[in-house]
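Novice: All chains should be built: construct the whole structure from the sequences, respecting the hints.
This is what each chain is made of:
Protein chains: 2
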Amino acid sequence: MNPLQSAIKEKAIAIIKQVFQKHGASEIDTPVFERKETLTGKYGEESKLIYDLEDQGGELLSLRYDLTVPFARYVAENAISNIKRFHIAKVYRRDQPQMTKGRFREFYQCDFDIAGQSSVMIPEAEVLKVVVEILTNLDVGNFVIKINNRKFLDSIIELSGCDKAQFKTICSSVDKLDKEPWEKVEHELIHAKGLTKDMTTKLWEFVKRKGSMKEMLDQLRSENVFGDHQLANETLAEMELLYQYLESLDCLDKISFDFSLARGLDYYTGLIYEATLTEEGKVGSIAGGGRYDELIGMFSGQNIPAVGVSIGIERIFVILEDKAKAEQNIRATKTQVLVASIGKNMANERFKICNTLWNNGIYAETMYNDNLKPQKQISYAFTNGIPLIIWIGEDEIAAGVIKVKILNNKEERFLKDFIPEMQQLVVENPVLTAKEE
Amino acid sequence: MNPLQSAIKEKAIAIIKQVFQKHGASEIDTPVFERKETLTGKYGEESKLIYDLEDQGGELLSLRYDLTVPFARYVAENAISNIKRFHIAKVYRRDQPQMTKGRFREFYQCDFDIAGQSSVMIPEAEVLKVVVEILTNLDVGNFVIKINNRKFLDSIIELSGCDKAQFKTICSSVDKLDKEPWEKVEHELIHAKGLTKDMTTKLWEFVKRKGSMKEMLDQLRSENVFGDHQLANETLAEMELLYQYLESLDCLDKISFDFSLARGLDYYTGLIYEATLTEEGKVGSIAGGGRYDELIGMFSGQNIPAVGVSIGIERIFVILEDKAKAEQNIRATKTQVLVASIGKNMANERFKICNTLWNNGIYAETMYNDNLKPQKQISYAFTNGIPLIIWIGEDEIAAGVIKVKILNNKEERFLKDFIPEMQQLVVENPVLTAKEE
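Order-wise, the sequence lines are chains H and R. If you read the first sequence in this note's numbering, its first letter stands for residue 17, the second for the next number, and so on. If you read the second sequence in this note's numbering, its first letter stands for residue 17, the second for the next number, and so on.
Worth flagging that the hints you see were computed from the coordinates, not collected in a lab. Do not rely on the hints blindly, as some may be mistaken.
Claimed, not checked - BS3-like, lysine-lysine: derived pairs with alpha carbons at most 30 Å apart:
| # | chain 1 | residue 1 | chain 2 | residue 2 |
| --- | --- | --- | --- | --- |
| 1 | H | LYS226 | R | LYS339 |
| 2 | R | LYS192 | H | LYS38 |
| 3 | R | LYS192 | R | LYS180 |
| 4 | R | LYS27 | H | LYS106 |
| 5 | R | LYS33 | H | LYS368 |
| 6 | H | LYS192 | H | LYS106 |
| 7 | H | LYS230 | R | LYS192 |
| 8 | H | LYS230 | H | LYS184 |
| 9 | H | LYS25 | R | LYS38 |
| 10 | H | LYS106 | R | LYS33 |
Specialist: In structure tokens form, the structure reads like this:
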């Protein structure tokens, strides 16, 4: 990650962190590696992408694959009964060598989770609000959050007469409906997974359904879509409660209810969701999560219900980088003043000025040679977006004055009251707007 | 790392980052793993502590051992000729299983480096100033920065008649002089490393020297300690220049010139330094670095001189944590308002209030049950240091008013102009000072 990218990353992470903190989350930090056994069996097919450490003695370790399983392990190990936490850190995936690029093997996730006993759908509503706030504040364009419920998927599979044991494999086909037509998915279900035409026909009646929460809930109620299937009807009532909460939180316009959403991971038990940017050229999932009531119990035996979301921000970085380049409003450094000199061997004099600036909290630089050409120093200021230059030469030193040049308007000033006047200039010239001639 | 520790870590890192940025450094981020061959041969004996990843196909990778070698690799690979960068991230050491504790296997380093052609000792002076500013701003007590020069060590070994090939092993003995008496070190040099008594006697004449820069430089000059040894005398002149720069930067009182300082890593070529806290019970190295002019060239063939420092902040975290506990002034979260309710099924009403607060940037929480006892909510506010509670009940909703309780003075107010008045209250009540009765 180069300096410009780092500056963008820092800005994006600051926005995300602020939303997490605004919602009362504390930060926890788990190690980059977990015991291999901690990760084993939590990711289904994706397990093959886990990076293992070499056995050099000690425990068998793997790099974390996401931040959710390490969080569950942490809650269980510390016998925590309630926590709302965030964690912004990198996770690691051993991707196919031919695709090997830095950002696919290691990338940031920004996770927000609420663990502990709670009433139905209250934490879920807050998590969705958090996602809406973050994507709005990042200003990355329009987005939509698709939602569904693991319990609907369970019900649907039962209602279609499919074998429960095939839950995972059927869901993995259905999940492709955002990219592929039903005909293709149906072909796979029948020919690769052994479903009957009758089963797929019934399945299609369910998974084709999507729309606004209001439409969908009305439809499911009025058409009595689930008959007397108990789990499905209970889930419907829960979704109606979620609808009310999201209305109170003014988020409904960002939500799309989609029966074909069936995220991959094994550990979800209730609501699931996935956020996607919807503007052309920006399509792609950028956040996902759901309720996972049994994961923490896998480590401690004591079930602690939990719900969370994970925001993957690499795509967001790319969008913000393109935007910053277009607007030219991001700098890699924050320097406000370049301390420059005319004449040889002025390093001591430059350091004295720098020292005063640094001690007073002013962001200042001086170049690292003792015989500098003025033009080189001017170019340095322009290249690095530094708006002010303090020039020192033998005349200035002899006269005991400090000369500053404001690059934005070419004005030169002799300062009387050094630090207060510099502080004023820094406030008046937050960025460099002029160009080098 | 638990939430309180994370809050302290965040505060400490913010202080360090600000100093780096005040000195014009940009941030770069290198991957957590490097090719195994990149790290091989850079760390001498410590190489055995490098964590390797399992060979699962693809490249052979190791976790980064420090941030310096990855930085050198980055500069070389991107053909950068000049850069001043910082990087705050974790590094990994495969420590002895019996010592295995999270913080010894993975810990933060905060690195600041200046790479590129420069005049003698100018970048070194700035790096030392950066360390002084950081340790001062962190407010962790008194400290001293020991300095020495690799070129003095080379000269001393020559002047004592030792074999140059034994440089590393002699330095590793000499480096123990901060913990062990000369007699013990001398015994090791003679009996384990094969030096003659004559050699160790000469060596002692050099390595016993330490003191303020002024004393030491005066001594070395007036006693003509190095005779006509060219490298030593050139180095002395460079150190005299550094002395001037540090005087201009007002840092001399923190510097101790110590001929026995001989940091372990192979790659240093000039000035070396190590910062230590000097108050009782706080002893231990917390920062170190030096000039490494040949490391970047090991990756690209093109030598780019560089100098840097690495601050290890785990010990600083511990000090700050003890201090925060004593002063009770650190919270794990930043919540300003708890939205509480009296009566059942008020989640929608609480969410409506929260929504308005969040949309206006106020840090607010509400609990996750729909039937909450008032006392439980009050306890939650006290436990989490939340200074304000908004109470809603059927009476308030019917009357269309918002009641807020200021815990610090037990005052209750009914707000007319909701958000502006809340913003005012948040400013007036930045922390919770009252205790639960």
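Novice: So which of those numbered hints doesn't the model satisfy?
Specialist: Numbers 1, 2 and 7, in rising order.
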